[in-house]
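Engineer: Spelled out from the first residue to the last, the chains are:
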Amino acid sequence: MNYDPIAIFAEWLRELLTSWNLSDDFATVILKLIGAVVVAGLALGIFILQTWLERKVAGRMQDRFGPNRVGPFGLLQPIADALKMVTKEDTTPESADKVSYNIAPVMAVFAVLMIWGVVPYSSTWVGTDLDVGVLYIGAVGSFGVLAVLMAGWSSNNKYALLGAFRGVAQLISYEVPLLLSLVIPVFLARSMNLNEIIGKQGDVGWFIVFAPLAFVIFFISNLAEIGRTPFDLLEAESEIVAGYHVEYSGMKFGLFQAGEFAHSFASAALISILFFGGWQPAASPWLGAVVFFAKTTFFYFVIMWIRLTLPRIRIDHMMAMNWKFIVPLNIILLMTVPLLDYFVKDLGATRMYAHFGLNMVLLIGAIVVAGRAIKKSEPDRVRFPERAVAVPPKEETEEVAA
Amino acid sequence: MTPLEVIFWIASAVILISAIMMVTRRNLVHAALFLIVTLFGVAVYYVLLEASFLAVVQILVYIGAIAILVIFAVMLTRQVTNPGQLFNKHASLALVMSILVFIGLYLALSVWPEFSAVAPEADTAAAISNLGTAFFVEEDGQPVYLLATMTASVLLLIPLVGAIFVARQKE
Amino acid sequence: MLDNWMFIGLLVIVAVALPTLPIVVARILAPRKPNAQKMETYECGMETVGETWVQFKMQYYVYALVFLVFDVEIIFLYPWAVSFDQMPLLGVIAGVLFIFLLGDGLVYAWRKGALEWK
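Residue numbers (this note's numbering), protein chains in the order written: chain W, 23 to 424; chain G, -16 to 154; chain F, -19 to 98.
What the hints contain is simulated information worked out from the structure, not anything from laboratory work.
Hints may contain errors.
To be verified - Okay, derived cross-link-like pairs now, PhoX-like style, lysine-lysine, Cα gap no bigger than 25 angstroms in a straight line:
| # | chain 1 | residue 1 | chain 2 | residue 2 |
| --- | --- | --- | --- | --- |
| 1 | W | Lys78 | W | Lys106 |
| 2 | W | Lys120 | W | Lys106 |
| 3 | W | Lys346 | W | Lys398 |
| 4 | W | Lys398 | F | Lys92 |
| 5 | W | Lys222 | W | Lys367 |
| 6 | W | Lys120 | W | Lys110 |
| 7 | W | Lys346 | F | Lys37 |
| 8 | W | Lys222 | W | Lys317 |
| 9 | F | Lys37 | W | Lys180 |
| 10 | F | Lys92 | W | Lys120 |
| 11 | W | Lys106 | F | Lys13 |
| 12 | F | Lys13 | W | Lys397 |
| 13 | F | Lys13 | W | Lys110 |
| 14 | F | Lys92 | W | Lys346 |
Unchecked claim - Which residues of chain W face chain G? A few of them, derived with a C-beta cut under 7 angstroms, are:
| # | residue |
| --- | --- |
| 15 | Tyr158 |
| 16 | Gly160 |
| 17 | Ser164 |
| 18 | Trp175 |
| 19 | Leu384 |
| 20 | Ala392 |
The C-beta atom is built at its ideal place from N, Cα and C for all residues, glycine as well.
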């Protein structure tokens, strides 16, 4: 079962390269370069499939067919889209800051592709096994923030700049609970290496059982980081036209789109790695990859589902939810979980139940407290019985009926 | 030259050039973007020193937070594209002073034997764990760095309080 | 370890080259017929009024600063979490106290109304 086609291929290629009198170090560089191209290419290949899948699922959920003209099941639609994208005129506003304007879409995609560098597909298939993997993912995310800011500023458009400012305020606000909730899986695994986190989950059980609350926080803040509905305030078209990329067209707009899609798939991958055991329980490389992608596709489906179901959240509500609910809850979680774990860390299954119980108590407490606070703080909330309703006079209705 | 040295010199050149570009830009946002390039180059230095944790923190804090803060601060000023005079009359004096400081630092460091020593092989996985115990655990009955860590935490609250105070006064 | 970072370095190059490629292809394939109207700033068809790069609210700056403070403090927590098995009770309590101080800043910002979106 432990048949590893990639390792066999890499071994064969290394022998081939050294037989051409290349030094061993140089062969390593070539192999790593091929690896980097495969990792980045795979992410973009998945993006192309995603555009089809997303539209198909959206169609089904809205009682439509979705793309069904080009190829069987509309499968060739992404290719038609790509052809259209590259042949569309690409306008740059006269007053834009040309260099930053062109760098921004590239950086948006760059930030997402870099995430895939440390994502383990299976026990041996991984871009690279960084010891600081979790923090690395947080770090490359900051390039995405920078891309939004550069695009909004360089467009020289009031809506774009306003959209960028709002977007950046959202992204950096939700990066706080993102980084805070990432501490929990790191804490449980005592490691920042993603493959070691997965390995630990094989030993003690998936972290979703240990830390359901951290999972919920991570999931919500990831949704906000992707910038999709219900958190699509970066591009709230009814308020600020299209947000930070209003001036972009053609391929450059397509790159922003690619960044968003690839980011949602990468987020789904991180969720399945950190809380659902990644490639566990399959130890064999290729089977592990199948398990990993199955889990990831499932969470990507959930992200799509949320996007297609919920309306956009109001901006002040979004900020309040982050700073007044999620972050305080996360801080309390981080103060109690280590204290508990110090006393139960050698207890095996009891440790799991203790963690789960603590999470549930905190969750119920948080919901009760938040529910009370919302009732108190929102006097302007619409209550239906108190609302004035227009009632037509009796005589007129009869006349109309006649 | 080893490949590592080549990367080191390229990173150094990028850092120096973008630093010079940064102080000579008239457009303040361009200056901020060149600052980001400089900070990225410093992260490459840390990687070359096998300090993975520091390299990642450099990106996370300096590019992810401080650079954003700088750009926001630039946007708060009215004149983004034309800040008026680039240099004031003390510019030449500042140049002389910084050259003197550089020479002084170089001379002071070159007599220090560790300056040219080769760094030992680093075990990064253990390094992160050691960092954690160094921050929070006492050593030989003396909590050496614990006090410093807590002080840093309190120190970080001060700019927060200050900024909120200033922002409230403006309203 | 440097081997790992070499991969990241190569990935940086690839991750910049891959999205640049379609832009270059589009530049060759796409038509380019600029005119004065097309190249104007698009603000819902209205003529642009005044300067775009206007002064922004202080509020955004405060959010960025709160974020920066949190960012730096969270980084201290990661080594603490990794080395938890070697922690005596003092270290555990010190860490919890550290997080408490972090929450302290949040409570201050909350009480002073810095977290209200206006």
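Engineer: Does leucine 384(W) meet its interface restraint, that is, does its C-beta lie within less than 7 angstroms of any C-beta in chain G?
Structural biologist: Cβ of leucine 384(W) sits 23 angstroms from chain G, so the hint is violated.
Engineer: Please verify whether lysine 106(W) and lysine 13(F) have alpha carbons no more than 25 angstroms apart.
Structural biologist: Cα-Cα ~17 angstroms, so holds.
Engineer: Does the nearest C-beta of chain G fall within a distance shorter than 7 angstroms of the C-beta of tryptophan 175(W)?
Structural biologist: OK, holds: tryptophan 175(W) within 7 angstroms of chain G, min 6 angstroms.
Engineer: Below or equal to 25 angstroms on CA atoms is what counts here, so check lysine 222(W) against lysine 367(W).
Structural biologist: 14 angstroms, holds
Engineer: If you draw a straight line from the CA of lysine 13(F) to the CA of lysine 397(W), is it 25 angstroms or shorter?
Structural biologist: Violated, at roughly 57 angstroms.
Engineer: Is it true that the CA of lysine 346(W) sits at most 25 angstroms from the CA of lysine 37(F)?
Structural biologist: 21 angstroms, holds
Engineer: Would the hint on glycine 160(W) be counted as holding, given a Cβ-Cβ threshold of 7 angstroms to chain G?
Structural biologist: 6 angstroms, holds
Engineer: Can we keep the alanine 392(W) interface hint, with Cβ of chain G closer than 7 angstroms?
Structural biologist: 24 angstroms, violated
Engineer: Given the hinted pair lysine 120(W) and lysine 106(W), is their Cα-Cα distance within 25 angstroms?
Structural biologist: Holds, because 24 angstroms separates the two Cα atoms, which is no more than 25 angstroms.
Engineer: Would you check the hint for lysine 398(W) and lysine 92(F), treating anything up to 25 angstroms between C-alpha atoms as holding?
Structural biologist: 19 angstroms, holds
Engineer: Are the Cα atoms of lysine 78(W) and lysine 106(W) separated by 25 angstroms or less?
Structural biologist: Holds, at roughly 19 angstroms.
Engineer: So if I understand the rule, the pair passes when the alpha-carbon distance is 25 angstroms or less; does lysine 92(F) with lysine 120(W) pass?
Structural biologist: With a Cα-Cα distance of about 41 angstroms, the restraint between lysine 92(F) and lysine 120(W) is violated, given a limit of 25 angstroms.
Hint compliance for this structure: hints 10, 12, 19, 20 are broken, all remaining hints hold.
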